[in-house]
Amino acid sequence: MRLIEQIEEELQNRQLSGLTAVHLEVGEFAGVEPSLLETAFQELAAERWPQQVQLRLTVVPLTVRCRQCCEQFPVERFRFVCPRCEHAKVDVISGEELRLVNLTVVRPQPQEAVS
Amino acid sequence: MSIDTVAIQRDIAGQRRQEAAAWRQRLTDRGILCVNLISSPGAGKTSLLQATARHWGQKHRMAVLVGDIATDRDAQRLAPLTPVRQLTTGGACHLELSLVRSGFDALDCPDLEFLFIENVGNLVCPASHDLGEHLRVVVLSVTEGDDKPGKYPKAFRTSQACVINKCDLLPYVPFVWESVVNDVNLVNAGMSVLAASALQETGIDAWCEFLEQQRSQLRSTTATEI
Numbered sequence: 011m012r013l014i015e016q017i018e019e020e021l022q023n024r025q026l027s028g029l030t031a032v033h034l035e036v037g038e039f040a041g042v043e044p045s046l047l048e049t050a051f052q053e054l055a056a057e058r059w060p061q062q063v064q065l066r067l068t069v070v071p072l073t074v075r076c077r078q079c080c081e082q083f084p085v086e087r088f089r090f091v092c093p094r095c096e097h098a099k100v101d102v103i104s105g106e107e108l109r110l111v112n113l114t115v116v117r118p119q120p121q122e123a124v125s
Numbered sequence: 009m010s011i012d013t014v015a016i017q018r019d020i021a022g023q024r025r026q027e028a029a030a031w032r033q034r035l036t037d038r039g040i041l042c043v044n045l046i047s048s049p050g051a052g053k054t055s056l057l058q059a060t061a062r063h064w065g066q067k068h069r070m071a072v073l074v075g076d077i078a079t080d081r082d083a084q085r086l087a088p089l090t091p092v093r094q095l096t097t098g099g100a101c102h103l104e105l106s107l108v109r110s111g112f113d114a115l116d117c118p119d120l121e122f123l124f125i126e127n128v129g130n131l132v133c134p135a136s137h138d139l140g141e142h143l144r145v146v147v148l149s150v151t152e153g154d155d156k157p158g159k160y161p162k163a164f165r166t167s168q169a170c171v172i173n174k175c176d177l178l179p180y181v182p183f184v185w186e187s188v189v190n191d192v193n194l195v196n197a198g199m200s201v202l203a204a205s206a207l208q209e210t211g212i213d214a215w216c217e218f219l220e221q222q223r224s225q226l227r228s229t230t231a232t233e234i
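Chains A and B, in that order, give the protein sequences.
So for the first sequence, this note's numbering puts the first residue at 11; every next one is plus one.
So for the second sequence, this note's numbering puts the first residue at 9; every next one is plus one.
Calculated from the structure, these hints are not laboratory results.
None of the values given here were measured: they were computed from a predicted structure.
C-beta atoms are modelled at their ideal positions from N, C-alpha and C, and glycine is treated no differently.
A portion of the hints provided could be inaccurate.
To be verified - Taking lysine-lysine and the DSBU-like style, the derived pairs with C-alpha atoms no more than 35 Å apart in a straight line are: (1) A/Lys99 x B/Lys162; (2) A/Lys99 x B/Lys159; (3) B/Lys67 x B/Lys162.
Unchecked claim - Reference excerpt, derived from the structure (chain A facing chain B, CB under 10 Å, subset only): (4) Glu19; (5) Gly41; (6) Arg75; (7) Arg94; (8) Val102; (9) Leu110; (10) Leu113; (11) Arg117.
So here's chain B without its partners, still in its complex pose:
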């Protein structure tokens, strides 16, 4: 008998990465900006999407894939405002690409401009799963505290923007704006930080403008590539 060690050097996540990149390209080709919203439970992802849909009205065509471990409550909240599909994970703590792809096919929305993925409320696992989005946005509500970027560095490091929600409650909670900005700058300097209150519908114009700008960059990038 002889013992042999055989070099392999295989990227275990490689296939998943390629699948996500192919999906992203497919959306880019169709002019759809895909936005993956992550946050802890109750930070206001659904409320932010409701406010977004109300703000845009007929201006832009958007749709939402909303992930939860159980119930279709979020989809019910969104349904009067925008095309939506509930993705139920059956207990899993994050969405995976296969669920998103089949949810998108079921949406059947022609000429879509914005596809939002509302991830399962969790600041840990969703940060490790590329869903083929162009933009990952972390929603942090002021009631959660200003220490979260440092405590959940992967969520903040892998996101391109942070929406600080429930800003109408700032006078009542110990949330120091400078602390969160300082933490964000240590983890992911240059990240866009937007203040909002989804329920009061403040800051929604700036958020929607940010999204429109991101989508125009997507289109120009595609045009340059062609």
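The following block holds chain A by itself, in its conformation from the complex:
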């Protein structure tokens, strides 16, 4: 998934430096264990950036929509069955994502305008 490279690419494209924090959304069903991601991120970030970079993770619950009655509900204990109408054909609407939400950077104070 090359997370670090993708962060670096975003920083370069926007001509940003002084990264201090990364905010990621991780779907409950993305196949990514947040604590392991945190460990891996800290290892790789320490190799890439001299400064400390904080990782903020938001876990997105697995939410689906019933194809029959359009009820939206969170999947609990992997029951992909509608609690309202018992229909079992549902579409995942969130909870599978791995999204880079935002980056926090420290910018040097702009030079005071010369009058």
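Assemble the complex: chain A is given as a structure, and chain B must be docked to it using the hints.
Relative to chain A, chain B alone:
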């Protein structure tokens, strides 16, 4: 100094998803149905493919890319029956698209109809990797127990079919058919469940018919799109 938070909203897996979709399209254009077989080690993926190749004989042109962390034992078993390439991951627990693509190029099979990818035996990681397949099939053997769909929901949720293998051993193991079907219906209702014994070569006709039907749908979908 000022602290700024810059909105990005980038899908980290997006590029990988696009690559898998492009590869799938490439296979579709060539009329090849790509089937990714996943299971725990020893469930019978290789045996199922051996039985498939024997059943079809000259009827269909198939090839296998077989993934393992070490050895080419599975490729050796398949080689007398079908074109095969061993993909050795060197310890990694799943196959990735780049390995599959280079393995396919090395196969060099013209007019292929079915490309099977036998994934590394593991019900966890392979479920998170789209290899550009049209069909993901989870193989579950009755000796593993009937509780697996609920324990490995991603593998069963992301697969379109489940082959329950080693059914000849049902009288000897505590495997309740209704339990597994009930679990499958909670995780992925509508999934095709097929019973087989690869070693006894039972249920192979239904499995092969299922694959042929899937491939005919692939062709008609392509034709409609054109």
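Evaluated hints:
For the given pair, A/Lys99 sits about 16 Å from B/Lys162 by alpha-carbon distance, which is consistent with the 35 Å threshold. For the proposed pair A/Lys99 and B/Lys159, the alpha carbon gap of about 20 Å is at most 35 Å, so the pair holds. For the given pair, B/Lys67 sits about 34 Å from B/Lys162 by alpha-carbon distance, which is consistent with the 35 Å threshold. Residue-level restraint check for A/Glu19 holds (minimum Cβ-Cβ distance to chain B is 9 Å; threshold 10 Å).
A cut of 10 Å between beta carbons decides the hint on A/Gly41: the least distance to chain B is about 3 Å, and the hint holds. The beta carbon of A/Arg75 comes no nearer than 15 Å to any beta carbon in chain B, farther than 10 Å, and the hint placing it at the interface is violated. The interface hint given for A/Arg94 is violated, since its Cβ lies 15 Å from the closest Cβ of chain B, which is over the 10 Å cut-off. Interface hint at A/Val102: satisfied, since its Cβ lies 9 Å from the closest Cβ of chain B, which is below the 10 Å cut-off.
Taking 10 Å as the C-beta cut-off, the interface hint given for A/Leu110 holds, the closest approach to chain B being about 4 Å. The beta carbon of A/Leu113 is positioned within 10 Å of a beta carbon in chain B (closest approach about 5 Å), and the interface hint is therefore held. At a threshold of 10 Å, the smallest CB-CB gap from A/Arg117 to chain B is about 5 Å, leaving the interface hint in force.
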